[in-house]
Amino acid sequence: MKPKRLLIWTALAYALGIAAMAVSPILVVIVAAFCVTSFVLNRITKREQWGWIALFCLIGIFGGLVFHSRSQVPKNDVSHLAPQLVTIYGTVASDVEGLENPQDKSIPKLKLILNAETVETEPGRTASVTGKIALRLSLSQLHEPVPSYGDRVKIRGRLELPDPPRNPGGMDYRAYLAQRGFHSLMSVRRENWQLIESYNLSNPITRFAYALRDYIQSTPYNYLTPERAATLNGILIGTRNDLPGRLRDDFQRTGTAHIRAASGMNVVLVGIFSLWFFRLFRLTFRYAPHLTLGTILLYTLMANAQPSIVRAAIMGSVLLIGMIIEREPDYPIAIALGALSLLLYDPRNLFDIGFQLSFAAVIVLVLFAPCIQSVTLQIRQRFKGKSFGTRVQRGITEVVTVTLVVTFFAQLGTAPLIACYFSTFSLVGLFANGIVVPMVGFLMATGFIAVALAAIRPFLAVPIYLVIGIILSFLLAVIEFASDLPYSSLNFPLSLFGVCAWYAIVLLTAFRWRRRTQSPSHFEDVQIW
Amino acid sequence: MVRIRHRIGFIWLIVTLILLVFMGRQMFSRRDARELRVTFLDVGQGDSCVIESLSGKVIVIDAGNIIDEGSDDQGRRVVAPYLRSRGINAIDILILTHPDTDHIGGAASLIHEFPVGLLLENGQFGKTESALIAPIFREAKRRNAAIRIARRGQKIILDDGAILTVLAPTDAMMSGTTNEASIVLRLDYGRHSFLFTGDAGEPEETELLTARQNLACDVLKVGHHGSRFSTIPAFANAVKPRHAVFSCGKYNVYGHPNPDVMNRLKSMNATIYRTDTQGAITFHSDGVTLRAETALSSPNR
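Protein sequence lines, in the order shown, are assigned to chains F and S.
Residue numbering for the first sequence follows the working numbering, beginning at 1 and increasing consecutively.
Residue numbering for the second sequence follows the working numbering, beginning at 1 and increasing consecutively.
Derived by calculation from the structure, the hints in this document are not laboratory data.
Don't take every hint at face value.
Computed footprint of chain F on chain S, listed as stretches where at least three residues anywhere in the stretch have a Cβ under 8 Å from a Cβ of chain F [unchecked claim]:
1. 95-107
2. 149-162
3. 277-284
With a straight-line Cα cutoff of 30 Å, these simulated DSSO-like cross-link-like pairs (lysine-lysine) come out [what the hints assert, rightly or not]:
4. F:Lys-75 - S:Lys-155
5. S:Lys-250 - F:Lys-111
6. F:Lys-154 - S:Lys-127
Quick caveat, the model's predicted, so the values are computed rather than measured.
Every residue, glycine too, gets a C-beta built ideally from N, C-alpha and C.
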């Protein structure tokens with residue numbers, strides 16, 4: 001008997017194999033033994049299910065082995081030279097962070113990623129190396145030329161290993177960087193940096209995406225206060241710099257941090273706006289999804305291809321391709337494809353908090369999708385009239401209710417992970433998100449329109465930024481108010497057992513609820529309620 | 001069919017309840033409720049210490065440094081995550097030993113995030129010109145925290161026999177520099193005692209010796225990050241600690257801790273702990289036994 005939705009089982013087996021290897025290689029050996037046993041049973045009993053079990057075990061073992069090989073630091077990785085003073089030749093492999101605010105008169109500290117190529121430990125003694133370095137560049141004065149993506153540079157500084165957590169509850173910077181393939185870091189002063197060659201080996205599409213991002217994130221500072229501009233940049237493309245620490249705490253306490261980080265929601269909004277925009281220009285139904293796919297790809301590159309963005313981009317692409325080939329969307333398959341693609345690309349993504357939060361939220365949303373649909377259905381039944389007043393009433397009720405319901409289920413999915421990683425649980429998340437999330441869509445649309453108008457003529461963007469400024473003030477006031485409420489968040493460290501228990505309850509409830517709603521009599525009950 | 005459905009519903013209810021009970025226990029029970037915990041956090045070149053009493057009272061002494069007008073706020077980056085990881089939702093007493101940036105830099109963000117019952121300062125905050133002080137008072141006012149000035153002889157009785165005593169400053173010390181008016185505290189619990197000296201230097205240490213304060217203790221937070229101007233021989237002799245904690249930053253430009261000070265304490269058989277090489281240092285005391293643990297297993301310098 002062939003299992004239904006093979007891709008879901010494949011993704012699950014692959015992810016479990018990675019998790020097993022991360023816990024202990026012995027677990028993978030046990031899986032291998034189970035795989036052999038299943039295969040033997042398949043041959044003896046001729047039952048097909050033993051064959052499938054053996055196959056999924058094999059996929060799990062493969063996942064574990066890929067994870068093991070990717071977790072090893074290569075022999076010629078530059079980090080083996082740390083800690084010491086070295087001269088490195090390499091190529092800038094990222095956009096340069098720290099230059100978002102052109103109005104800022106303080107000397108910026110820049111962050112970038114360098115792909116190391118050659119190292120010089122002593123004059124005249126060079127060696128070929130590999131590996132990425134997290135680089136911090138200190139300028140000595142304002143308006144100095146800075147490196148950009150694709151530049152080949154020579155730098156001299158002290159190569160360091162990232163710190164393990166130095167305090168209980170502190171961030172494990174070493175593990176965080178290792179998950180992203182970095183094993184060393186370096187701080188370099190401007191005088192120790194030298195440009196060798198511009199635009200060496202850079203991808204023109206990525207360079208265009210970075211240039212576009214630089215323009216998008218610097219423009220709001222010409223019209224808005226730094227606080228509001230930084231918030232808008234967070235909403236538009238997930239730039240997290242420049243926001244005062246106090247405000248970052250407020251976002252965290254109110255469970256609204258996701259709006260200032262590029263997330264799946266941004267991709268959904270970009271997809272919806274693009275489809276609408278391309279159809280507006282009377283492009284045929286056939287070409288609008290193609291162009292939307294391109295827009296999503298460009299947006300993904302602009303947002304630094306974070307796992308949450310890539311997940312949403314893959315899911316969105318699957319649904320758009322479904323539109324092109326005229327097939328019904330299958331959300332579980334789209335989720336499985338997203339997960340499998342990200343884990344095949346780099347199995348370490350499984351331990352990325354963005355990856356975990358993104359998938360946890362979307363899986364819970366899909367599990368409870370019938371509930372969200374039934375709420376929408378009830379609203380539509382209650383406001384059946386075609387008059388303008390009824391339609392407005394229906395629209396407002398639908399937006400508010402669906403936002404609250406979606407926020408509730410998204411929080412149900414992400415809360416245990418947030419409690420586990422950050423030891424905090426927002427008690428005002430539903431209230432804050434209920435007000436803030438509907439504004440985000442509007443801010444994204446107007447934010448991109450304003451940037452486009454500013455590119456044509458700066459004064460054209462002034463009225464739009466005026467409206468954006470007012471809305472952002474209200475949004476920040478809501479977040480500050482919610483954060484100031486007594487017991488806006490509760491601090492408790494949730495262990496892995498607590499996380500598992502939480503998801504067990506959620507899964508049990510979801511399957512029980514789905515079983516109830518699938519029965520016709522109960523579905524009627526839901527509609528009446 | 002109806003019977004099977006009822007049975008599934010019953011199993012779901014039981015499993016959910018069991019899991020909720022386990023989670024509830026985990027969330028609301030403190031792990032080390034049978035011992036006093038004193039944690040010296042690694043806040044770089046600065047000071048911050050958290051005392052957790054048996055009944056859950058939380059006292060924070062200093063809040064670490066702040067650099068570049070807002071960035072690298074150790075209150076946000078180190079102290080708050082530590083408190084969250086311990087399941088702490090409020091600070092009962094926040095003690096700011098003196099108004100120097102490396103001690104109060106993270107205070108405003110800490111009060112912004114955690115309700116504070118009492119803010120204890122050394123009496124110089126109103127007289128010192130620092131951009132950091134106004135936000136601290138603003139946040140304290142917003143949080144309805146009581147603000148008091150610490151003076152010698154004040155005692156804070158925590159619970160289960162733990163007593164926090166203010167050894168300094170006195171009114172006479174107010175005319176001196178901020179370091180010389182640092183709040184010096186003594187914590188007694190069972191057989192163990194801790195001495196927190198802030199940035200007290202030679203004049204304040206001499207005054208404490210002259211005033212015949214009870215200085216002998218098990219754990220000494222070495223004054224002024226181990227500067228050569230602190231922990232004078234007479235003071236070290238009077239304290240005779242079993243454990244000495246240096247709170248200083250990795251690669252700090254001041255050369256802290258001073259080798260002479262370290263050798264002086266080592267010669268008294270004191271175990272040396274350094275936040276720059278060992279990360280946070282936690283002492284656990286049940287009143288009879290005292291044990292220490294460090295965040296970094298081996299010095300990485």
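Verification of the hints:
no.	hint	result
1	95-107	violated (count 0)
2	149-162	violated (count 0)
3	277-284	holds (count 3)
4	F:Lys-75 - S:Lys-155	60 Å, violated
5	S:Lys-250 - F:Lys-111	21 Å, holds
6	F:Lys-154 - S:Lys-127	50 Å, violated
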